[in-house]
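Chains L and P, in that order, are what the protein sequence lines are. Per the UniProt record's numbering, the first sequence starts with residue 1, numbered consecutively. Per the UniProt record's numbering, the second sequence starts with residue 1, numbered consecutively.
If you are wondering where the hints come from, they were derived from the structure by calculation, not from laboratory data. Nothing here was measured: the structure is a model prediction, and the numbers come from that model. There's no promise every hint is true.
[As the list claims (entries may be wrong)] To give an idea of the chain P side of the interface with chain L (calculated C-beta under 7 Å), a few residues:
#1 A125
#2 G128
#3 F154
#4 S191
#5 Y193
#6 G222
#7 Q296
#8 H300
[Unchecked claim] Estimated spans, in silico, between C-beta atoms of each pair:
#9 P:P305 x L:G119: 55 to 63 Å
#10 P:A284 x L:P293: 35 to 43 Å
#11 L:P293 x P:A25: 32 to 40 Å
#12 P:L177 x L:G203: 43 to 51 Å
#13 L:Q269 x P:A284: 33 to 41 Å
#14 L:L78 x P:A63: 23 to 31 Å
For glycine and all other residues, C-beta sits at the position ideal for the given N, C-alpha and C.
Number of protein chains: 2
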Amino acid sequence: MNALTPPASVEIVEVAPRDGFQSIATPLPTADKRRCIEALLDAGVTRLEIGSFVRPKAIPQMADTGELIAAFADRPGLRLSALVPNLRGAELALDHGIREVVYVVSVSESHNRSNVRRGVDESLADLGRVIARLRQSEGTRLRLDLGTSFDCPFEGTIGWEQVDRVLGEALALAGDLPLEVALCDTTGRASPYQVAEHFTRLGERHAGPGLDWAFHGHDTFGMGVANALFAVHHGATAVDSACAGLGGCPFAPGATGNTATEDLLYALQGGGVATGIDLPRLLAAADLIAALPGGQTASHLRQVPRDRLG
Amino acid sequence: MNALTPPASVEIVEVAPRDGFQSIATPLPTADKRRCIEALLDAGVTRLEIGSFVRPKAIPQMADTGELIAAFADRPGLRLSALVPNLRGAELALDHGIREVVYVVSVSESHNRSNVRRGVDESLADLGRVIARLRQSEGTRLRLDLGTSFDCPFEGTIGWEQVDRVLGEALALAGDLPLEVALCDTTGRASPYQVAEHFTRLGERHAGPGLDWAFHGHDTFGMGVANALFAVHHGATAVDSACAGLGGCPFAPGATGNTATEDLLYALQGGGVATGIDLPRLLAAADLIAALPGGQTASHLRQVPRDRLG
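Next comes chain L alone, as it looks inside the complex:
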């Protein structure tokens, strides 16, 4: 890792509409969500996790995901994705026009059961069916979110070998299907050195064309920006973050906000890393999001006087 030669570019995947909005107890009006997403696109966001296809009873905040996709699917240059926990969700996502399916499985058995109500093996079996389904639709992509890749709220620290077991099975299922694998620090408890180790070890074992790496982190322990940078310097080409630092996991006790997109952007800009996102406009979007009912945020940059950001 040579910090004097940062990567030329990093893809920021904006997850406020999914991980963020689902963390607000009372579901937001769809019109409010649209306004915020519009502001994010104005800022230059090109990858957006717009929602999820889960049981509305379990996560009512995501019930309008289809409606949001319809509103934004035709924007040129916008790469939309939606999270799904199973084949049924993947089919709904494709039916609603989603071309990039984010399939989530946790590395730890207990978090997978808490999060998607079944065992890791069942999730992997269903992943095989999702992959078969995606192979039938040209131009679709798969992203695999490996939840609790560093820490589980129930089982504690997760070693890279544990991630490797689940990842190995998933990669065997995927075969030559292009894939982005996200190592997710669901609880924010990962340290930068653990992040570096997991990306390095797993990257060594599974390098290959058609396999990209991403990092998803939370700032609960104050490691958000450092973890993201260590990921980027050890193989990740994409990083998830949520504008205004909104977020959490309803099934991971104690997890708070995602790393704020504006904090991450500030760090990357300092190295001349291109992201396509404009900081002042992103902060305008962050202000909108922070003003939502329930929109408590964990952004650092929003606290800085604006005239100091130039």
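Model the placement of chain P on the given structure of chain L, informed by the hints.
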């Protein structure tokens, strides 16, 4: 920078008693300060910036520095330091038994004038006199705090060449006197890549025996932990931080808390980096500090449920 081989150890310099306590508007009772310092020593802190010798009219919060030194100077294994802005302060510090004098000069002319009421050249001339005085007292050390080494609240971004000019003159004055140079991100506006660049460029130009490097940072922009780690991976062997994330600079508008020692410690521990500090005991000290009147803090780890820190 290879994050898979972190340094074996890093010296954490606890600055809550100086940078932290001076940021609380109403001066704290000396007894409260003593209680907090005792808790910090219980946690394993071995380097402590205990206060400063400045005009009590300008910073009344530091008026009891001599009393605090008397209370803790005889602790075995404790490396005490005190900040001074001029020769008069250095003489007072030595008279009170301080063996490590922290001499502060800002790289930017306007911040130096705001902070210590004189130009950089005057500060450097006085540094020459301080060095002459230190040469007369065996066993004394000099630490040079280069304020605004990355950003000035009045002048904006500071390039490494500007730091180099001031540093070069200081090193010429110091000659063979052992010296620790701290690049100080007074406002918290430095990015990790800027930190890496300054340490690398200045380290290349001024490597040598008897010259150590340190980093002093604030978390105002959310870069605190990342900046500290990038410093450590590019030459810093010591890092300043303040327990509970207390701090600011009374003469740097908009600057908020120092990077919290507990956040930094958590990041370093994740790489097996030895610091000698015990996290649970440090959090006990952070609780004490946060409970002080005016002790608003910016610590992340204090917000995490304690049973998640194991």
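How the hints compare with the structure:
no.: 1; hint: A125; in the structure: violated, 32 Å
no.: 2; hint: G128; in the structure: violated, 34 Å
no.: 3; hint: F154; in the structure: violated, 11 Å
no.: 4; hint: S191; in the structure: holds, 2 Å
no.: 5; hint: Y193; in the structure: holds, 3 Å
no.: 6; hint: G222; in the structure: holds, 3 Å
no.: 7; hint: Q296; in the structure: violated, 12 Å
no.: 8; hint: H300; in the structure: holds, 3 Å
no.: 9; hint: P:P305 x L:G119: 55 to 63 Å; in the structure: violated, 27 Å
no.: 10; hint: P:A284 x L:P293: 35 to 43 Å; in the structure: holds, 37 Å
no.: 11; hint: L:P293 x P:A25: 32 to 40 Å; in the structure: holds, 34 Å
no.: 12; hint: P:L177 x L:G203: 43 to 51 Å; in the structure: holds, 46 Å
no.: 13; hint: L:Q269 x P:A284: 33 to 41 Å; in the structure: holds, 38 Å
no.: 14; hint: L:L78 x P:A63: 23 to 31 Å; in the structure: violated, 60 Å
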